[in-house]
Amino acid sequence: MKFHFQDKLIEAKDGDTIAAALYRDGRRIFSRSFKYHRPRGLLCVSGKCPNCLMNVDGIPNVRTCITPVRDDMKVKPQNAFPSLESDLLSITQRFDWLMPVGWYYKTFTHPAMWHAAEPTIRRVAGLGEVLTSEPKEYEHAWMHADTAVVGGGWAGIQAALEAAKDGGQVVVIDDQPALGGQARYRKRGGEIPVDPIRQLQALPNVQILHDSYCFGLYEGNLLGVLQRDPHPGAAERLIHLRTQQTTVATGTYETPLLFPNNDLPGVMLSTGVLRLLHLYGVRAGKRAVIVGPSALSEEVSVDLHEAGMDVAAIVSPEELVSVSGSGAVKGVQTKAGDFECDLVVVCGPRVPDAGLISQAGGKLTWCGVKGAFVPSGFADHASVVGDAAGGELAGFATPLPSSKRAFVCFCSDVSSQDLCDGIAEGFDHIETLKRYTTATMGPCQGRMCQLSAIGVCARETGRSMAETGVTTSRPPNPGVTLGALAGSSHHPIRRTPMHYAHEKLGAVWMDMSDWKRPRYYRTQSASTEKDCVLEEYRAVREGVGIIDVSTLGKLDLRGADCGRLLDKVYTHRFSDLRPGRVRYALMCDEGGIILDDGTISRLSEERYFVTTTSGNLDFVHQWLDWYLAGSSSDVHIVNVTAGYGAMNVAGPKSRDVLGKLTSLDLSSAAFPYMACREAVVAGISVIMLRIGFVGETGWEIHCPAESSEALWEALLEAGREFKIRTFGVEAQRLLRLEKRHVIVGVDTDALTNPYEADMGWAVKIEKPEFVGKATLSRAAKDLSRERLIGFVLGGPGLPQDGAAIVVDGQLAGRVTSSRHSPAQQTAVGLGWVKASQAQDGATIDVRVDGKLVQAKVTMQPFYDPEGGRLRQ
Amino acid sequence: MSFLVPCPNCGRRSVYEFRFGGEVKQVPALDAPPALWQEYRFNRTNAAGVQTEWWFHRSGCRQWLQAVRNTITNEVLETYLPGDKH
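Protein sequence lines correspond, in order, to chains A and B. End of the first sequence sits at 872 in the working numbering; the numbers just go up one at a time, nothing left out. End of the second sequence sits at 958 in the working numbering; the numbers just go up one at a time, nothing left out.
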C-alpha cells in the first residue's frame, strides 16, 4: 500500500497505521504545537495525545497513530509553515515572556484590540482548518443489548464471557483492530488470551465492534459509540447503543513525566515505544535512555535489547535533570551524569481510564497506595472491572519541577511554570485553574495532563491530591467529529401525486416545509417569473386555471360526536352544518390566538371532511386528539393527507371544463357556493367542495392519490379548448390577496385574535363552550390594540413584506403581504396598524424602497368586494 | 436528555419518539376571572420533583398519554392513557 504525505509517496505494510508507516519512513516530527509551534513527535501511539493530529483526505485533526493506512490516501500536516521541519512560526516560543498564562484576559481588555489581533492569532495558533466541503458520508445506527462491555482486553473478554453465559445479548466495544488489550504489545504483560477470544467470537449472542470507541454514557444507559470505517460507503458510524448493564473494562493509560523539554521529538511513553515495536515492527530509536521506576524500566529494557536497540541508561525520575536537543533528542542530563541518546523512554504513571464511570454518576477518589484516582460509587447499571478499577496499579510519586519547558498540557502548550503562575494569581482551585490556563481542555481532553496538573496544583497549594480532586469528565470524551453527530445528510422530500406532471409542464419549484410545490410554470410565451405569474393570474380571472393543492392537510372524521368535537375546538358551529355544506373553519387556542384555518365539509350525518393548512396538519391532528383523550366520544379521525390528492379548478370557465367530465349538475342552483358533493369526475370518485380561495367560481376536488394524476391530465385535456392554465403558489397568493383572504402565520402572528384580524364573523361567541371562548368574549369588546387592514398604494413601487407603516411621522404598523394587483393597477397589501387608524379611506404611509409612499386604507376586498363572482 | 418513556401501548421507548405536551392541569371554568385563565395559559409549576405530564407518542402509537416523571432524575415512574386513571 502507498499513500501521499505532502509531496512524497510513502509505503506502508499491512496493518500499519499512518503514523507507524511515517515513523518507519524516518519521520520524527509529526506536528507543531498549538501556541509555540514547537516540534512534536509520537508520544502515546494510542490515540490519546494530540501529537500526531494531521489532515487526512480533507478531514482535519485525524489521530494518525490509530488510523489504518488506506491505499492512495492524502495526508497533510497541520499548523506548520512552510513545513514540519522548519516552521517559521516557531519564533513565537522566543516571545513566550510576552504571553504569560491568562494572556488573552490580560491583553485584550477592549473589543477593538481583539478585532485587530484576531486574524493574526487565528493564523498563528490553532489546529487544522475546518472542512468546508463535505466529501464524507456519516451514518447513525441503533443497537440494543443486555450488556455492553467497553474494552477488549483480558478483563473485558472475561466480563463478556460471563455476561454471555445466560444467553443475554452482549456487545463488546474495542478501540483496537483486534481483541487482546495490552497483551498485544506488552510481551511480558501476559499472553494474548487466544482461547477465550475464540470462545467469545464463536458465541452467537456476542457482537464485537472493533475500531470503535465509546465517547459517552448518557441517561437511560445509552452509550454513544463511534465506529471508524464501518464500510467503504461511510467514514464513521455513530451507534446509539441502549443496554441494561454497562461494564467498563477500559484499562489504564500511561501519562508523561514532567521535566524540561519533555515534549521533544524522541521522548516517548514506554507503551508508545512498545506499540511501535510489537504492533508495527518499528524501532523507535537506536540508543535509548529509560526513565521510570525500576520494575517497569526493566521490562522495557529487555524488550529493547531483544529488538537490537541500545539502552544507554536506566534513570529514575528523581535523578533526571533535563533532556537536550533541538528538534530531536540528543542527550539526557542526570544527577549521575550525561548520556547521549536519540530516544527517551518514559515509564510514566498509569491512570485508570474511567471517564465513563464518572459520567454514569460514579466518583473518582484518590487512592494514595495506588497513586491514582480510582472509580467508586457506581450507578446500578454500570460497573468497572480490571485495571480501570485500579486493579494492578503500583503508584509512585513523581517529581514535578516548575519549568517553562516542562509541559503539562501538550494540547495548548501549558507548562508547569504556567500552572504555578496561575495559582499565584489566585486560581488555586483545580476547576478554576483548568479554565484559566486551559490545561486539560484540549483535544486530549485531559488524558495526558490531568494527573500532573492536579499534582502541581496540590503541591503549590499545600493540599493533598484527595483535597485537590479531579476536574469533571463530560461527554464526548474522546472527541467526536461533528459530521458523525450530524449523521447522514439525507433530507426527506414530499412530492404530491402530480409531481411529475408538473415537472413536464415546466414547474419552477419552491419548498413548503417538506413539500415541493410549483411556484409558477415556465412557458414559451413568458420567460420571467413576473410574466408567467401574470399569465396564470389572467387565466384564472378570465378563463380557467388549475392548481395542485394536495399539500393541504386532510382529516376524515367519522362518528356520532364529530359535530360536538368540532364545535368545541373550532370557533364556528359545525353540529348544525347540513350534510352537503362547507364552512370556513378557524381554530384558536385558549388565549383566543389564531392557530390554524381551513374548511370543514359535512359529507353525511356522521362524516366530516376537515382540511388544514399544509404545515399545521400534525399539530391540528394532535390538537383534536388531545381534546378527545380520555373521553368516550364517538369520533374516529383518520389522516388522509397522503391518501388523497387535491386540485382547485377555478375561473369563469371552470364549470364548462368540469361539465365535460361529470354528469353532476354544476349549476349554482344545484351546486351552490359553499356546498360539497361526493361525485364521479372522469370516472374517478371524488369529493368536490365549491369554495373559492382565489375569488372565482371554482371547485376544490379531492380524490385518491393513485387517481390524482389521471384526473389532473383529464382536466387539462378537457380544458384545452378553454385554454386552461396550470397556476402555481405565487399566482394563488396574488389572487387570494386581491380577495383579502388571510394566510395564517403570514398575515397573522402569535398575538392575533380573529376580531383584530377582521374575522369576527367566523366566531360564534354565543356557543355555550369552545376553546378560547373565555378570552375571545373579552376580545370581542376590546378592539383597541391593532387591526388587520388592506391598503392600496397611491404611487409606484412594491412594499416588501414587513415594511413599515407610518402615520403622522410615527411608526404605526407593518405590512404582512403585498403584491402588484392587476385589478387595482397598483400595489395592494395587508398590514397591521393601531386600531384607531383602521378606518375605511384613512391615509397611511408605507415604506417602499426607503421612501414613504402614501396609501389608502380599505376594509374591503380589492377585487369583487361583493363576492358575486364566487357565487356565479 | 436520553431517558426512556414506558408507553402503555408500545413499551419502553426513547424520549425522542415523543412530543412533550406540558403539565397536566385543570382547565378553568368559562366564567373564571382573567387572572386564572392567564395563570392556566402562561404559567408553569415547573416542579423540581415528581409531576404529571402530557406526552404524545409521535413516532409510535400516536396516542396522548400521561406520565408521572421526576424532573430531577428524569425517571418516569408511571404512564397511563388519560381516562384510565382518574
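By construction, these hints were calculated from the structure, which means they are not laboratory data. Every residue gets a Cβ at the ideal spot worked out from N, C-alpha and C, and that includes glycine. Heads up, some of the hints might be wrong.
Here are the simulated distance ranges between beta carbons [said to hold, decoys possible]:
{"hint": "1", "chain 1": "B", "residue 1": "Asp956", "chain 2": "A", "residue 2": "Val806", "range": "53 to 61 angstroms"}
{"hint": "2", "chain 1": "A", "residue 1": "Asn639", "chain 2": "B", "residue 2": "Asp956", "range": "36 to 44 angstroms"}
{"hint": "3", "chain 1": "B", "residue 1": "Ala920", "chain 2": "A", "residue 2": "Glu425", "range": "45 to 53 angstroms"}
{"hint": "4", "chain 1": "A", "residue 1": "Asp380", "chain 2": "B", "residue 2": "Ala920", "range": "39 to 47 angstroms"}
{"hint": "5", "chain 1": "A", "residue 1": "Glu590", "chain 2": "B", "residue 2": "Thr945", "range": "45 to 53 angstroms"}
{"hint": "6", "chain 1": "A", "residue 1": "Met859", "chain 2": "B", "residue 2": "Arg913", "range": "23 to 31 angstroms"}
{"hint": "7", "chain 1": "B", "residue 1": "Ile944", "chain 2": "A", "residue 2": "Gly426", "range": "47 to 55 angstroms"}
{"hint": "8", "chain 1": "A", "residue 1": "Val806", "chain 2": "B", "residue 2": "Arg913", "range": "47 to 55 angstroms"}
{"hint": "9", "chain 1": "B", "residue 1": "Ile944", "chain 2": "A", "residue 2": "Ser90", "range": "48 to 56 angstroms"}
{"hint": "10", "chain 1": "A", "residue 1": "Arg495", "chain 2": "B", "residue 2": "Leu953", "range": "51 to 59 angstroms"}
{"hint": "11", "chain 1": "A", "residue 1": "Arg607", "chain 2": "B", "residue 2": "Asp903", "range": "51 to 59 angstroms"}
As a list, the in silico DMTMM-like pairs of lysine to aspartate or glutamate whose alpha-carbon atoms are at most 25 angstroms apart [unchecked claim]:
{"hint": "12", "chain 1": "A", "residue 1": "Lys330", "chain 2": "A", "residue 2": "Glu769"}
{"hint": "13", "chain 1": "B", "residue 1": "Lys897", "chain 2": "A", "residue 2": "Asp25"}
{"hint": "14", "chain 1": "B", "residue 1": "Lys897", "chain 2": "A", "residue 2": "Asp567"}
In rising order, the numbers of the hints this structure does not comply with: Violated hints (numbers, rising): 2, 3, 4, 5, 7, 8, 10, 11, 12, 13; every other hint is consistent with the structure.
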